[in-house]
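Please build the complex by placing chains B, C and D with the ligands on the supplied structure of chain A, with the hints as guidance.
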Amino acid sequence: MTIDEIQQEIIDDFAGFEDWMDKYSLLIELGNEMAPIDVQYKVDENLIRGCQSRVWLHQEYLDGTITFEAESDALIVKGLVALLLKIYSGRTPHEILASEPRFIDEIGLRQHLSPTRSNGLLAMVKQMKLYALAYEKISTKNN
Amino acid sequence: MTIDEIQQEIIDDFAGFEDWMDKYSLLIELGNEMAPIDVQYKVDENLIRGCQSRVWLHQEYLDGTITFEAESDALIVKGLVALLLKIYSGRTPHEILASEPRFIDEIGLRQHLSPTRSNGLLAMVKQMKLYALAYEKISTKNN
Amino acid sequence: MSFDLLKIRKDFPILDQKVNGKALVYLDNAATSQRPVQVIERMNEFSLKTNGNIHRATHTFANKTTEAFEQAREIVRSYLNATESAEVIFTSGTTESINLVAHSFGDAFIHEGDEVIVTEMEHHANIVPWQMMCERKGAKLKVIPFNEKGELSMDALDSLITGKTKIIAVTHVSNVLGTLNPIATIIEKAHLKNIPVLIDGAQGAPHFQIDVQALDCDFYTFSGHKIYGPTGIGVLYGKRKWLDQMPPFLGGGEMIDRVTFGKTTFNEIPYKFEAGTPNYVGAIGLGAAIEYIQSHDHSVVLKHEQNLLQFATKKLKTINGLTIYGEASKKAGVLSFNIEGIHPFDLGTLLDQLGIAVRTGRLCADPVMDHFSVENMVRSSFSFYNTLEEVEVFYQALIRLKTMF
Amino acid sequence: MSFDLLKIRKDFPILDQKVNGKALVYLDNAATSQRPVQVIERMNEFSLKTNGNIHRATHTFANKTTEAFEQAREIVRSYLNATESAEVIFTSGTTESINLVAHSFGDAFIHEGDEVIVTEMEHHANIVPWQMMCERKGAKLKVIPFNEKGELSMDALDSLITGKTKIIAVTHVSNVLGTLNPIATIIEKAHLKNIPVLIDGAQGAPHFQIDVQALDCDFYTFSGHKIYGPTGIGVLYGKRKWLDQMPPFLGGGEMIDRVTFGKTTFNEIPYKFEAGTPNYVGAIGLGAAIEYIQSHDHSVVLKHEQNLLQFATKKLKTINGLTIYGEASKKAGVLSFNIEGIHPFDLGTLLDQLGIAVRTGRLCADPVMDHFSVENMVRSSFSFYNTLEEVEVFYQALIRLKTMF
Ligand SMILES: Cc1ncc(COP(=O)(O)O)c(C=O)c1O
Ligand SMILES: Cc1ncc(COP(=O)(O)O)c(C=O)c1O
Chain A
0 MTIDEIQQEI
10 IDDFAGFEDW
20 MDKYSLLIEL
30 GNEMAPIDVQ
40 YKVDENLIRG
50 CQSRVWLHQE
60 YLDGTITFEA
70 ESDALIVKGL
80 VALLLKIYSG
90 RTPHEILASE
100 PRFIDEIGLR
110 QHLSPTRSNG
120 LLAMVKQMKL
130 YALAYEKIST
140 KNN
Chain B
0 MTIDEIQQEI
10 IDDFAGFEDW
20 MDKYSLLIEL
30 GNEMAPIDVQ
40 YKVDENLIRG
50 CQSRVWLHQE
60 YLDGTITFEA
70 ESDALIVKGL
80 VALLLKIYSG
90 RTPHEILASE
100 PRFIDEIGLR
110 QHLSPTRSNG
120 LLAMVKQMKL
130 YALAYEKIST
140 KNN
Chain C
0 MSFDLLKIRK
10 DFPILDQKVN
20 GKALVYLDNA
30 ATSQRPVQVI
40 ERMNEFSLKT
50 NGNIHRATHT
60 FANKTTEAFE
70 QAREIVRSYL
80 NATESAEVIF
90 TSGTTESINL
100 VAHSFGDAFI
110 HEGDEVIVTE
120 MEHHANIVPW
130 QMMCERKGAK
140 LKVIPFNEKG
150 ELSMDALDSL
160 ITGKTKIIAV
170 THVSNVLGTL
180 NPIATIIEKA
190 HLKNIPVLID
200 GAQGAPHFQI
210 DVQALDCDFY
220 TFSGHKIYGP
230 TGIGVLYGKR
240 KWLDQMPPFL
250 GGGEMIDRVT
260 FGKTTFNEIP
270 YKFEAGTPNY
280 VGAIGLGAAI
290 EYIQSHDHSV
300 VLKHEQNLLQ
310 FATKKLKTIN
320 GLTIYGEASK
330 KAGVLSFNIE
340 GIHPFDLGTL
350 LDQLGIAVRT
360 GRLCADPVMD
370 HFSVENMVRS
380 SFSFYNTLEE
390 VEVFYQALIR
400 LKTMF
Chain D
0 MSFDLLKIRK
10 DFPILDQKVN
20 GKALVYLDNA
30 ATSQRPVQVI
40 ERMNEFSLKT
50 NGNIHRATHT
60 FANKTTEAFE
70 QAREIVRSYL
80 NATESAEVIF
90 TSGTTESINL
100 VAHSFGDAFI
110 HEGDEVIVTE
120 MEHHANIVPW
130 QMMCERKGAK
140 LKVIPFNEKG
150 ELSMDALDSL
160 ITGKTKIIAV
170 THVSNVLGTL
180 NPIATIIEKA
190 HLKNIPVLID
200 GAQGAPHFQI
210 DVQALDCDFY
220 TFSGHKIYGP
230 TGIGVLYGKR
240 KWLDQMPPFL
250 GGGEMIDRVT
260 FGKTTFNEIP
270 YKFEAGTPNY
280 VGAIGLGAAI
290 EYIQSHDHSV
300 VLKHEQNLLQ
310 FATKKLKTIN
320 GLTIYGEASK
330 KAGVLSFNIE
340 GIHPFDLGTL
350 LDQLGIAVRT
360 GRLCADPVMD
370 HFSVENMVRS
380 SFSFYNTLEE
390 VEVFYQALIR
400 LKTMF
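Residue numbers (numbering that gives the first Met the number 0), protein chains in the order written: chain A, 0 to 142; chain B, 0 to 142; chain C, 0 to 404; chain D, 0 to 404.
The set of hints was computed from the structure by calculation and includes no laboratory data. Hints should not be assumed to be uniformly reliable.
Pairs of lysine-lysine residues, derived as PhoX-like cross-links and limited to a Cα-Cα distance of at most 20 Å, are as follows [said to hold, decoys possible]: (1) C:48 - D:401; (2) A:22 - C:401; (3) D:48 - C:17; (4) C:302 - C:313; (5) C:238 - C:165; (6) C:6 - C:302; (7) D:6 - C:9; (8) C:63 - D:17; (9) D:148 - D:314; (10) C:136 - D:262; (11) D:401 - B:22.
Computed, partial: chain D to chain B, Cβ under 7 Å [unchecked claim]: (12) 133; (13) 338; (14) 339; (15) 342; (16) 348; (17) 352; (18) 360.
Not the full set, but computed from the structure, chain D residues with beta-carbon under 7 Å of chain C [as the list claims (entries may be wrong)]: (19) 12; (20) 91; (21) 142; (22) 230; (23) 260; (24) 294; (25) 297.
Backbone N, C-alpha and C fix where the C-beta goes; we use that ideal spot for every residue, glycine too.
Okay, chain A solo, but in the shape it has when bound (with noise of 0.2 Å):
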């Protein structure tokens, strides 16, 4: 599936949900069921500050695809990175600057995203694109 299909399919999933409680929840059991970053990983140097909820975003690099790996504390913002990650993960550079997360946005939780939140999401995905442009660089000048 592209990244746009992933979005369509999580925009369609959360449209059933007429009640914001129903949303939330959704991400809180999304953000429960995530798979914890692995510990080697979840150091300072990974570690994307907000000023309420910490971000720790790993990635690697191998045959043409970036695989990312991330949590967070907070419990929605860990639902949003489980989502993040699902479009994100495995793609090539190519694809990740070219997509953005338009579903967060339509899913109804577009303050998430907003520079003045702070919870970190945005600069997780700030960071998400930088790596995916650099690895971009590299695999032309490679080529």
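Chains B, C and D with the ligands alone, transformed into the frame defined by chain A:
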């Protein structure tokens, strides 16, 4: 005449003027007519610095009364200074301390005595009273 | 002098709103309080009818504005019962007030090896300026710890004071723990050794009556926006004997007497410390806010605020896994807590969905977080316009949200 | 984009008033400009509907306020054409902005024996902070003189710059002489020697379009209350390369990253320089003021202001015994003068009786007074909402009042 009688005289003089221009013209006239302070007293130690206009005040104590000489570089202020001298100069400390320059308010120029006006007038009145207080103390001590 | 909660809430139309479809419950008063219409109207009146830059003017607007500004100073003086209004300096807020003292008192009186005492429960605004000053001066910052109830250790204070202590800076009320500190005692102890005391009143002035003469404190600071007034205005009260000896902090218009390139002489207090065009509209608004406060019976207001705190404390204590931080015997209406297994950010986000505004995070008090070994907290804080019903709604919301985790 | 003076004056209801029984003629715009209703309404809306303290919040009001505050920053960025909004720091006004740079740039870059250059026509706000800093650091303040027309001597600048010059601080527009300084040339000359330049834009930003990138200036400062915005808010623009290297000025909340008693680390720009709760309502108001300015065609506004100045200059020159101070070839709408034998205080007082508001006094520029060997001046200053008829009324008043002396 008592201080109060002179104040009343001034108030009556001004009462004739309906137009503010006439009032101010009289003040300017009084300012222009006023004898300048003796140059030897127009020195920094005698300067009461308002932000906009300056007042020099000199005093002498003789035979129980205080004689004031004063001057301002702004004519309207100088006119008011002339009136203040008219009521306060040549008076005993007691007389000076016992009376307020109510005429300024009553001739409709209250704003010139406002603490926020900083034209030096209010400070001058305060200074005259301080001198009076000092001489009163000295004279009671000597008695 | 009356206390009619319904009438009071009419003065704060902002409270009568829906947020996310729910009736607003505003419990973030320690961050910023709301402003009554009386304050807004007073400022509007000035801005739209008589605005002129203050001081040194000959025209009517400038004079009226100057008078209103100086009258606001007098209102503050009387609220604090300061000896003279020259001891009341308008700043942009508590933070600037404390920085002013740290710089200016520091420059005049603090030398290498000297010591400054603060407490473990200070807001960053009452730590960082002193730290920066100590670094500049080679002085040492010492810290009075608090116990598990959130009360300062007076014994520690006794042993921290030395011959090198030059100033003690203490918060009137902790913005996290709610603790109402025994500032009178601290001042008394300090004065025995001739050490001046600065009180950070950001959380104190909005709720408690202050008499700086009775307290005999050397400096007292607070912010307009936390005391029902506007943003961008604050107060530094200082005893004349200190202010007269302290060098100016910011340079510019109004604070000078005479400027030449060779030598500049300075104005008297309060102007010496008010460089540039002050926030005169803000000061006038702050004056209106204090007059508004004074139009209510303070003892009744205080009692109501204490009721809110006690009711909230009692209710929240029944919630399983909930830890309250700060249970001093004397507290203001501040209630910080965590619920086991729920991140404050999550709780704050969900409460907001229910129309309830609380603060979450580190509350500008990292040392307090470290004390309790937590990363964040949830803080609810009450003002006299809050109702017991709102506290009940808040409690019910916590119960409901807890089931989501 | 339109310019309909009658419509514009409706936005400023304060102008449509009687003072001392006469129609107000407000010619004290350089001291403080009036605020259009759009600015007041924007602030009221916030205060009465969505007020919350900014940053780090989880609740709706705090988020909305934060967004509005950051949007105001973006409006300022775009007005100045700064590269990024992090280069826009909100302060309490020009005075604080300049003090911030004098302290913080001074601490980072100025050492004993270094030199700072200002001009003879600076407002005290752009002299005293540098003087105080030079005194702290043992540095030297050097002064570019101006000629009888009120124009800076570029030759003097060339000879004042030495290998020790660390910063040059120049006003964009003189608040006394009205001179529009050749700041682009000054910046170019300074940059040839790698010297940064601070522009005091208090009188420039309200009237001229600024492009800090094209100018390549290192710092630019202005005040809200002089640019149709509220009091208590101002701006410091600084190039990131400097701001990143400069230590924080005030300490407190928001400007920190992490606080412990052992070591405190600081936040990034712009927050590093915004300690404490900023005047967020003021910033929002300033944003509205700039949007208001931008709703007019700037070239038309500027032309009207120049017409006012030229008409006033022409008229006043016909008055016997009247001396104008400042006749530079490029000027903003500021006209300072004296009439022989009439003290400015007297003239100001009497003009006020006629409803005309001008400023009199030393205009926070003692060195300019000394240059012309006068104690005081009368200053009229024009804004785009003034009319040619008002200038005529002003002129007639001077003629009439002159007969009283
Ligand atoms: C050229 C200039 N610089 C600085 C200032 C100081 O501005 P503020 O008083 O708003 O800080 C002024 C205002 O009078 C000014 O005209
Ligand atoms: C105890 C305390 N001190 C200082 C401050 C700083 O106040 P301001 O941000 O208004 O300068 C606050 C506000 O958060 C506070 O609660």
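Taking the hints in turn, this is what the structure says about them:
1. Between residue 48 (chain C) and residue 401 (chain D) the alpha-carbon distance is near 30 Å, which puts this suggested pair outside the 20 Å criterion.
2. For the hint pairing residue 22 (chain A) with residue 401 (chain C), the CA-to-CA distance comes to about 15 Å; that is within 20 Å, so the pair holds.
3. Distance check on the hinted pair: residue 48 (chain D) and residue 17 (chain C) sit about 10 Å apart at the alpha-carbon level, within 20 Å; holds.
4. Proposed proximity of residue 302 (chain C) and residue 313 (chain C) is supported: the alpha carbons are some 16 Å apart, at most 20 Å.
5. The straight-line distance between the Cα atoms of residue 238 (chain C) and residue 165 (chain C) is roughly 16 Å, inside the 20 Å bound, and the hint therefore holds.
6. Taking the CA atoms of residue 6 (chain C) and residue 302 (chain C), the gap is about 17 Å. The hint holds against a cut of 20 Å.
7. Pair hint residue 6 (chain D) plus residue 9 (chain C) does not hold up; C-alpha atoms about 35 Å apart against a cutoff of 20 Å.
8. Taken as a hint, the residue 63 (chain C) and residue 17 (chain D) pair is honoured in the structure, with Cα atoms around 14 Å apart against an allowance of 20 Å.
9. At roughly 18 Å between alpha-carbon atoms, residue 148 (chain D) and residue 314 (chain D) fall within 20 Å of each other, so this suggested pair holds.
10. A C-alpha spacing of about 16 Å is found between residue 136 (chain C) and residue 262 (chain D), which places the hinted pair at or below 20 Å, so the restraint holds.
11. Restraint check: the Cα-Cα separation between residue 401 (chain D) and residue 22 (chain B) comes to about 15 Å, which is no more than 20 Å; the hinted pair holds.
12. Interface hint status for residue 133 (chain D): violated, as the beta-carbon distance to the closest one in chain B is roughly 26 Å, over 7 Å.
13. A least Cβ separation of about 12 Å between residue 338 (chain D) and chain B goes past the 7 Å threshold, and the interface hint is therefore violated.
14. Checking residue 339 (chain D) against chain B: minimum C-beta separation of about 13 Å lies over 7 Å; hint violated.
15. The criterion of a C-beta within 7 Å of any C-beta in chain B is met by residue 342 (chain D), whose closest approach is roughly 4 Å, and the hint holds.
16. A cut of 7 Å between beta carbons decides the hint on residue 348 (chain D): the least distance to chain B is about 6 Å, and the hint holds.
17. Taking 7 Å as the C-beta cut-off, the interface hint given for residue 352 (chain D) holds, the closest approach to chain B being about 5 Å.
18. Because the closest C-beta pair between residue 360 (chain D) and chain B is about 5 Å apart, less than 7 Å, the hint holds.
19. Proximity of residue 12 (chain D) to chain C holds as hinted, the smallest CB-CB distance being about 6 Å (cut-off 7 Å).
20. Given the 7 Å rule on beta carbons, the hint for residue 91 (chain D) holds: about 4 Å separates it from the nearest Cβ of chain C.
21. With a least beta-carbon distance of about 5 Å to chain C, the hint placing residue 142 (chain D) at the interface is held under the 7 Å criterion.
22. The interface hint given for residue 230 (chain D) holds, since its Cβ lies 5 Å from the closest Cβ of chain C, which is under the 7 Å cut-off.
23. At a threshold of 7 Å, the smallest CB-CB gap from residue 260 (chain D) to chain C is about 5 Å, leaving the interface hint in force.
24. Look at residue 294 (chain D): its Cβ only gets to about 19 Å from chain C, farther than 7 Å, so that hint breaks.
25. Below 7 Å, beta-carbon pairs count as interface contacts, and residue 297 (chain D) has none with chain C, the closest being about 24 Å; its hint is therefore violated.
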